[in-house]
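Undergrad: Residues per chain, in single letters:
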Amino acid sequence: MDYEIVIGLEIHTELKTNSKIFCGCSTKFGSEQNTNVCPVCLGLPGVLPVINEKVVEFAIKAGVALNCEILPFSKFDRKNYYYPDLPKNFQTSQYDLPIAVNGHLDIEVNGETKRINITRIHMEEDAGKLVHSGATISSSDSALVDYNRTGVPLLEIVSEPDIRSAEEARAYLEKVKAILEYLDVSDCKMEEGSLRCDANISLRPHGQAALGTKAEIKNLNSFRSVQRGIEYEVIRQEEILDDGGRVIQETRTWDENKGITASMRSKEQAHDYRYLPEPDLVPIVVDPARVAEIRANLPELPDARRQRLMNNYGLSEYDAGIITSSKAVADYFDQSVQNNGDAKVVANWLMGEVSKHLNSEGITILDCPVSPKQLTELLTLIEKGTISNKIAKTVFEEMWTSRKDAEVIVKEKGLVQISDSSEIVAIVESVIAANPRSVADFKAGKDKAIGFLVGQIMKQTKGRANPDMVNTLLRERL
Amino acid sequence: MKITCKDVANVALLSRLEFSESELETFTGQMDAILEYADVLNKLNVDNVQPTAHVLPLRNVMRADEAKPSLSRELALSNAPEQEDGYFKVPKIMEG
Ligand SMILES: [Zn+2]
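Line by line, the protein sequences are chains A and B.
Read in order, the letters of the first sequence correspond to residues 1 to 478 in UniProt numbering.
Read in order, the letters of the second sequence correspond to residues 1 to 96 in UniProt numbering.
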């Protein structure tokens with residue numbers, strides 16, 4: 001049977017603050033275990049948490065950028081559950097009065113725009129990290145806990161079940177990530193866990209209004225696993241329903257290596273978080289004037305930047321969309337263009353050679369060994385005719401590994417383009433003389449034969465001959 | 001009876017407490033009496049009253065985003081029943 005797929009995403013993002021949400025401990029990633037902890041984040045008796053004002057500001061920023069309504073009165077609650085990564089046995093979160101509600105985000109999938117509604121955004125604290133002493137969690141007879149991450153500020157962004165495919169889920173997550181990066185409120189490093197995603201997935205026959213039973217998939221820690229995890233879960237549920245079975249409402253975890261979702265039985269027991277208002281934190285009242293001020297000072301967001309690239313530089317919607325989907329790439333683009341780079345050429349290089357090299361090394365543009373200035377210098381050499389486009393790719397390769405400037409490499413390796421017509425004429429004539437067969441073929445109407453002759457000339461000049469001149473001079477002599 | 005032994009057993013489970021049969025009965029009786037006593041509140045008309053978010057008349061108590069020194073690890077771990085390599089050590093976690 002053909003089912004409609006219904007997905008809602010819960011995105012957790014760590015905020016880029018210096019200190020934790022309720023205490024002054026550092027939020028630095030990668031510190032030695034249990035060195036960024038204090039009585040407040042360890043939940044020792046008698047301590048008094050105090051909210052970090054930056055967390056509230058970042059939450060309002062994210063709320064406004066995601067088209068939410070900012071609640072004028074918001075409060076914290078205790079969410080009770082027992083797990084060793086939670087030293088207090090409750091997580092300080094927001095329950096019925098979150099900071100932001102009723103937002104939405106428009107995404108593009110297959111050339112169509114679709115609106116995903118956002119239920120709410122709330123502030124909460126992150127939990128600690130468990131390190132297992134055995135090979136796996138179930139074979140260990142004990143676990144080790146690092147509480148450095150406990151109390152790192154999080155925003156949880158909850159979507160309505162408006163997402164209808166794994167592709168849409170990915171597009172939505174990518175867009176939320178881009179917006180958070182543009183706002184500069186989170187590093188959004190999925191590999192470091194500063195952006196995480198859970199998906200609620202259910203199926204229902206087309207046309208049925210009631211939602212089917214959902215499973216919650218956790219541990220979707222990369223764009224790839226979001227897509228794969230959802231695709232797997234959809235097939236799993238389809239098979240159950242087709243066999244006349246019923247889906248069990250449960251939490252499942254995505255296993256990236258095995259490529260499957262598996263039930264987390266320990267969490268199957270009905271959740272009973274027994275939320276209660278947090279007596280140690282007083283409510284937050286947000287003045288509408290403050291929201292208006294934050295709205296007025298929002299930085300340029302991905303959609304606006306994409307439009308600007310299209311309007312100012314004539315980039316296609318597709319190209320502008322790719323470049324602006326990451327703030328770092330868009331910044332690299334802008335810096336290159338400001339260095340007098342031709343916008344369209346810069347765009348082609350960014351999406352071509354640069355991204356090819358980044359992908360093959362698995363790094364982001366922030367770690368690109370070729371700076372925007374260096375790239376522009378390389379492009380200037382092409383524009384001036386010093387090197388051909390083809391040689392430029394070789395030079396780029398060399399820049400990537402040696403980190404030298406383009407001009408230095410061109411000089412050192414003798415890659416300057418030959419644009420001296422007498423020099424080219426001599427080579428053209430020798431190649432014509434050496435290949436009477438191809439010359440005859442060409443004259444007999446086989447236009448392709450000229451390609452072979454051009455190839456020979458390029459071979460003799462190690463690709464340095466000006467291709468336009470080679471073509472003209474060769475045709476003149478045939 | 002407003003609550004049953006089953007309710008108390010469930011709360012005990014959620015709180016990771018283990019009670020004997022006789023304890024369950026005792027606590028059920030006691031908790032029932034407490035709830036009965038508090039039940040008087042249900043007679044009040046609160047139709048036009050906002051739920052209380054906090055008993056103090058304070059709002060927006062916040063701190064600047066400044067990192068301060070944390071505890072030394074030795075001190076942080078000093079109350080831990082068990083520790084290993086600078087970590088808190090806890091019993092096996094059941095996970096399926
Ligand atoms: Zn702390």
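These aren't lab readings, by the way, just hints derived from the structure by calculation.
Just to be clear, a hint being listed does not mean it is correct.
Claimed, not checked - 30 Å max Cα-Cα, derived DSSO-like pairs, lysine-lysine: (1) A:K214 to B:K43; (2) B:K89 to A:K28; (3) A:K258 to B:K43; (4) A:K189 to B:K43; (5) B:K89 to A:K88; (6) B:K68 to A:K28; (7) A:K28 to B:K43; (8) B:K43 to A:K88; (9) A:K218 to B:K2; (10) A:K218 to B:K92; (11) A:K446 to B:K92; (12) B:K68 to A:K129; (13) B:K43 to A:K129; (14) B:K43 to B:K6; (15) A:K393 to A:K443; (16) B:K89 to A:K413; (17) A:K462 to A:K448; (18) B:K2 to A:K189; (19) A:K356 to A:K384; (20) A:K79 to B:K92; (21) B:K43 to A:K446; (22) B:K2 to A:K446; (23) B:K43 to A:K411; (24) B:K6 to A:K88; (25) A:K28 to B:K92; (26) B:K68 to A:K16; (27) A:K129 to B:K6.
Undergrad: With reference to the structure, classify each hint as holding or not holding.
TA: Quick rundown of the hints versus the structure:
no.: 1; hint: A:K214 to B:K43; in the structure: violated, 39 Å
no.: 2; hint: B:K89 to A:K28; in the structure: holds, 23 Å
no.: 3; hint: A:K258 to B:K43; in the structure: violated, 58 Å
no.: 4; hint: A:K189 to B:K43; in the structure: violated, 53 Å
no.: 5; hint: B:K89 to A:K88; in the structure: holds, 16 Å
no.: 6; hint: B:K68 to A:K28; in the structure: holds, 12 Å
no.: 7; hint: A:K28 to B:K43; in the structure: violated, 52 Å
no.: 8; hint: B:K43 to A:K88; in the structure: violated, 35 Å
no.: 9; hint: A:K218 to B:K2; in the structure: violated, 38 Å
no.: 10; hint: A:K218 to B:K92; in the structure: holds, 21 Å
no.: 11; hint: A:K446 to B:K92; in the structure: violated, 78 Å
no.: 12; hint: B:K68 to A:K129; in the structure: holds, 22 Å
no.: 13; hint: B:K43 to A:K129; in the structure: violated, 47 Å
no.: 14; hint: B:K43 to B:K6; in the structure: holds, 26 Å
no.: 15; hint: A:K393 to A:K443; in the structure: violated, 34 Å
no.: 16; hint: B:K89 to A:K413; in the structure: violated, 60 Å
no.: 17; hint: A:K462 to A:K448; in the structure: holds, 21 Å
no.: 18; hint: B:K2 to A:K189; in the structure: violated, 51 Å
no.: 19; hint: A:K356 to A:K384; in the structure: holds, 25 Å
no.: 20; hint: A:K79 to B:K92; in the structure: holds, 23 Å
no.: 21; hint: B:K43 to A:K446; in the structure: violated, 101 Å
no.: 22; hint: B:K2 to A:K446; in the structure: violated, 98 Å
no.: 23; hint: B:K43 to A:K411; in the structure: violated, 92 Å
no.: 24; hint: B:K6 to A:K88; in the structure: holds, 26 Å
no.: 25; hint: A:K28 to B:K92; in the structure: holds, 28 Å
no.: 26; hint: B:K68 to A:K16; in the structure: holds, 16 Å
no.: 27; hint: A:K129 to B:K6; in the structure: violated, 34 Å
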